[in-house]
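Position chain Y relative to chain B; hints supplied.
As given, the protein sequences belong to chains B and Y, one line each in that order.
The numbering of the first sequence is our numbering, which starts it at 1013 and goes up by one.
The numbering of the second sequence is our numbering, which starts it at 53 and goes up by one.
I should point out that these hints are in silico values taken from the structure, not numbers from a laboratory.
It is possible that some hints are incorrect.
With a straight-line cut-off of 25 Å between C-alpha atoms, the simulated DSS-like cross-links for lysine-lysine are [claimed, not checked]: (1) Y:K80 x Y:K157; (2) B:K1606 x Y:K80; (3) Y:K146 x B:K1801; (4) B:K1680 x B:K1797; (5) B:K1477 x B:K1531; (6) B:K1531 x B:K1690; (7) B:K1686 x Y:K152; (8) B:K1606 x Y:K78; (9) Y:K101 x Y:K57; (10) Y:K146 x B:K1690; (11) B:K1619 x Y:K67; (12) Y:K157 x B:K1661; (13) B:K1138 x B:K1120; (14) B:K1690 x Y:K156; (15) Y:K67 x Y:K80; (16) B:K1616 x Y:K57; (17) B:K1440 x B:K1451; (18) Y:K152 x B:K1690; (19) B:K1294 x B:K1281; (20) Y:K71 x B:K1619; (21) B:K1675 x B:K1661.
Each chain is listed here by its residues.
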Amino acid sequence: MHFIVVGFLPTIVIVFIGLFSAEKVFLDELEKNFSQYVRAKEVQVNTLFELTESLSRDMASNCFVIDRLSEKKSINIDKDSDNNGDIEVVENTENVDRKLFEYFDSKKNIWNDFLLGVNIMDPSGKIVFSTLENEVNREERGLIDYFDIEGVSVENLIKTEIIEEAGIHSGKIIKTSIPVFISNDSRNIGFVSAFYDMQLLESYISELSRTKKNINNEYLDQNESIETYIVDSAGKIFVSSFGNIDKKNYFQQISLNTYPVNKCLQEQKGGSGVYESYDGRKVIGASICFFDKGWTLVSESDFAIANSGMNFLEKLMFISVPVIFVFLLIMVYILTLRFSAPIKKLTKTAALISSGNFGVAADVREKNEIGELAEAFNGMAEKLRKYYGYLEEEVKKRTNQLSEKVEEAEKAKKAMMNILEDVEDEKKKAEILAKDLEKFMLAVENSWELIIITDVDGTILYANKALERITKFKISEVLGKKAGTTKLWGGLENKEFYEKLWKTIKIEKKPFVGEIRNKRKNGVGYIALVNISPILDKEGNILFFVAIQRDITLEKDIDRTKTEFVSLASHQLRTPLTSINWYLEMILDGDAGKINKKQEEYLKEAKDGSQRMSDLVTALLNVSRLELGTFVVEPELVDLLEMSESVLKELQLQIKNKKLKVKTLYDKKLSKIKVDPKLMRIVFQNLLSNAIKYNSEEGKLEVVIKSENDNIRIEVTDTGYGIPEHQKDKIFSKLFRADNVREAVTDGTGLGLYIVKSIIEQTDGKIWFESKENKGTKFIVILPKSGMKARSGVKALDTK
Amino acid sequence: MKEKKKKILIVEDDKSLLKAVVQRLKLKGFDVSSACSVEDALKIFKTEKFDALWLDHYLVGKENGLDLVVYIRKSENNSDIPIFVVTNSASSGKMNSYLKLGVKKYYIKVTVSLTQVVSDIEAVI
Chain B
1013 MHFIVVGFLP TIVIVFIGLF SAEKVFLDEL EKNFSQYVRA KEVQVNTLFE
1063 LTESLSRDMA SNCFVIDRLS EKKSINIDKD SDNNGDIEVV ENTENVDRKL
1113 FEYFDSKKNI WNDFLLGVNI MDPSGKIVFS TLENEVNREE RGLIDYFDIE
1163 GVSVENLIKT EIIEEAGIHS GKIIKTSIPV FISNDSRNIG FVSAFYDMQL
1213 LESYISELSR TKKNINNEYL DQNESIETYI VDSAGKIFVS SFGNIDKKNY
1263 FQQISLNTYP VNKCLQEQKG GSGVYESYDG RKVIGASICF FDKGWTLVSE
1313 SDFAIANSGM NFLEKLMFIS VPVIFVFLLI MVYILTLRFS APIKKLTKTA
1363 ALISSGNFGV AADVREKNEI GELAEAFNGM AEKLRKYYGY LEEEVKKRTN
1413 QLSEKVEEAE KAKKAMMNIL EDVEDEKKKA EILAKDLEKF MLAVENSWEL
1463 IIITDVDGTI LYANKALERI TKFKISEVLG KKAGTTKLWG GLENKEFYEK
1513 LWKTIKIEKK PFVGEIRNKR KNGVGYIALV NISPILDKEG NILFFVAIQR
1563 DITLEKDIDR TKTEFVSLAS HQLRTPLTSI NWYLEMILDG DAGKINKKQE
1613 EYLKEAKDGS QRMSDLVTAL LNVSRLELGT FVVEPELVDL LEMSESVLKE
1663 LQLQIKNKKL KVKTLYDKKL SKIKVDPKLM RIVFQNLLSN AIKYNSEEGK
1713 LEVVIKSEND NIRIEVTDTG YGIPEHQKDK IFSKLFRADN VREAVTDGTG
1763 LGLYIVKSII EQTDGKIWFE SKENKGTKFI VILPKSGMKA RSGVKALDTK
Chain Y
53 MKEKKKKILI VEDDKSLLKA VVQRLKLKGF DVSSACSVED ALKIFKTEKF
103 DALWLDHYLV GKENGLDLVV YIRKSENNSD IPIFVVTNSA SSGKMNSYLK
153 LGVKKYYIKV TVSLTQVVSD IEAVI
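So here's chain Y without its partners, still in its complex pose:
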């Protein structure tokens, strides 16, 4: 029997990085969707349910990752989706805000390996 694939939404505005992540996750057997802005992400969230969220902080548009988390937490479905923030921003304030909102993990992109994040996600979902 074929296991249903886990659905992950990647919200990342850098095309290069997005491509890399998507490839890796696909390879690892995830059903991957992507968005590059909060707006897009919310659109997708309306129609689909996801098992995890890979979230960057700085996104296209006015709103950033934190805003999205707020939305998610307020939404009906996906409100308790495990969120993995992968950003280059080392602001402790940001980190605390995310953590307060219950994100699973907060990574600095440049210092973390894809393998690490993927394995963490696999462990959770």
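So here's chain B without its partners, still in its complex pose:
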């Protein structure tokens, strides 16, 4: 509540200041207006007097006037003057006067009675002519005094005064006097005085009554409280805006020394302000100083009256403002009470909200703007709450996402680290590998054997150094070419061979291992042991082939030489053997005479030995042929059953000697098979003779020949010694005799099974056995029904 008091005092001060200021402003305005007014009046007055003066000047320089004065001038003609002393013949004075009258009348007419009259005076001041009555011969001494200024030309001097001359006009009139000069003479010849009506001046001064514009104060205008008047140099008001007679009489009596008059007479200046007027009233007005005449033009108005309107306002304000103020305060207080409460609520709520509590709502239920504001506020708070909630959600979500992302990033980082570790490992491995690879590279590069890598079509991608040594081709000559073609080292084998090779590696995707006849660049043939392996990818597609060639020509040569040697030796051995045989035969047959028992016995032993040697030689020869591959295969349609029986018949003696039981199981429907009979016979002979040789006394011998799918199966079973476990793998080797039979069976070449196996396998068959020591042995031979393929060799294998 105290703030009301605190607010009240300054307010009052301000009000009063305001009032005073307003008053001042008001008065200033008024003053200014007065100033403007009097200035306007000044102009008008000046214009008027300029008019009178110019008129007078005109008249003073009128030739008639000059004539008149120059005629009637005094006899005192200055003999000192420059003129020749000629006295001009002048016109008759009456004529001149007449002309003067005409002239002045015309002037009067022109000026509408403004010009009242004219007096012409001689230099002494005696009126010599006048348009007025009773003026002639009157003397005016004052003029001469006025115009006679020592040493100064009085030509332009003019005297304007306000006089009262009852003979001329009732009331005051303007009198303008001016000296007359002859044009080329500076001597004064007389004076002219003109009298003018004050009416015009009066009308200027009292113009206020006709116009309202100037002061713009309705109060003043209606009361005619603005006075405008002119004070002469004597302090007498000679013209004023008040037209009534009383006022005029009053003015004639008084003499002013008011502020404006004094200001003009003393300072030759105009002024404005608030001052005491001629009758002591406080007035507000402005003045103009006609300092050359000493006149003051004043326009003023009663201060009280001027202020009266203001005073009313003042009073009004004085009362109303505090009232209004109090009223306002009360209003404010009420309003504050009314509004501050809800606003306080709003503020509190806002504070709560800003502190994060969005659940609040301002409890303001006004039905006005505050209410609306509160509604809006609440709405906003609600929205904020929602938004905040949403924001929280979002933040949570984003935080989760972020933390997920961080997790992921962590994982990724870990994974990356792992990968990097792996990469490091791999890198290390790769380095090791690279080193190993280097080793391999070097190994491959420097291998004694020719190593070629081709693509899936056989185009050579790489060949090692051995290429040149073996094939005589340079690496540059073979890269990009197909391996093993006639252009390079191939072409010496037959078409079927290459077809088989290609089929094995490309279609069956298996390695091909075998001997191949190749030729070197110079055409010289060589024998290579080749291993061509396809290299497959995960899906089993061929990526490349790796072909390894070993030049075995030399070994082959050596082998051949050995075999040839064996062959040759064996061959050569045959002749002496034949000799031994035949001579022994002859002796034993008695060709050389009778032999005793003892001799026969010994000779028989010798013959046996010789026979064995012959068998061995035959076997060796067969072996050498088999090894050289020089044995011939001449397939014929052979009845295996027949052959089997035939061989068994051959061995009848041995069978009988051992008292063996022979059992044959022949598939009677078995068709003939295309085989080389000689070779087949060797097979039967060997198997059957073995089955007999290694059989037990009174043992069993079983021969089975039957069809099995696309093959013919031959089984020869005995119930003999059997083959010991640890020696089963050597049975088919050359000159091998198992331990368990070595002592028991001394004959035999030890080459039989080797030969049989060679024959069977070189003719696309299979042979194996099942055996148990002391139980017996079963040999199984599988022959494809397609039989043996013909082969041209050099020799046939020998039968015994």
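Showing chain Y alone in chain B's frame:
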């Protein structure tokens, strides 16, 4: 009456073996002549007629038994003489060639007995 002896020509370059064969054949009652080369054989063939020929493949000189057979087959007399090839060569090619030329039998010396060959010859002539 004395039966005329069958005449056999033995063409064999190995002295030892030749002697054996000649002895046996003589013992068996054959009239035996011998030659060790194609040249000699042809000389003999010009003047005499034989009932059989015992022929080895490898002989002295450039020509071998096969050449001789060719000659014989072309000759006027002895062209159809039964020929028994007794050799140690097991070459099937040779054997076929001889057989194509119509030799009666082809034996491997080392595996065959004298008795066998003689009995075969006796059977034929």
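Structure-based check of all given hints:
1. Y:K80 x Y:K157: Between Y:K80 and Y:K157 the Cα gap is close to 19 Å, so the pair holds against 25 Å.
2. B:K1606 x Y:K80: holds (16 Å)
3. Y:K146 x B:K1801: holds (21 Å)
4. B:K1680 x B:K1797: Given pair B:K1680, B:K1797 holds - Cα atoms ~15 Å apart, limit 25 Å.
5. B:K1477 x B:K1531: Holds: B:K1477 and B:K1531 sit about 18 Å apart, inside 25 Å.
6. B:K1531 x B:K1690: Violated, because 35 Å separates the two Cα atoms, which is more than 25 Å.
7. B:K1686 x Y:K152: holds (23 Å)
8. B:K1606 x Y:K78: holds (17 Å)
9. Y:K101 x Y:K57: Satisfied, since the Cα-Cα distance of roughly 12 Å is no more than 25 Å.
10. Y:K146 x B:K1690: holds (16 Å)
11. B:K1619 x Y:K67: holds (21 Å)
12. Y:K157 x B:K1661: holds (22 Å)
13. B:K1138 x B:K1120: holds (23 Å)
14. B:K1690 x Y:K156: Satisfied, since the Cα-Cα distance of roughly 19 Å is no more than 25 Å.
15. Y:K67 x Y:K80: holds (20 Å)
16. B:K1616 x Y:K57: Outside the cut-off at roughly 32 Å; violated.
17. B:K1440 x B:K1451: holds (16 Å)
18. Y:K152 x B:K1690: Between Y:K152 and B:K1690 the Cα gap is close to 19 Å, so the pair holds against 25 Å.
19. B:K1294 x B:K1281: holds (21 Å)
20. Y:K71 x B:K1619: holds (19 Å)
21. B:K1675 x B:K1661: Holds, at about 13 Å.
The earlier numbered hints that this structure contradicts are 6, 16.
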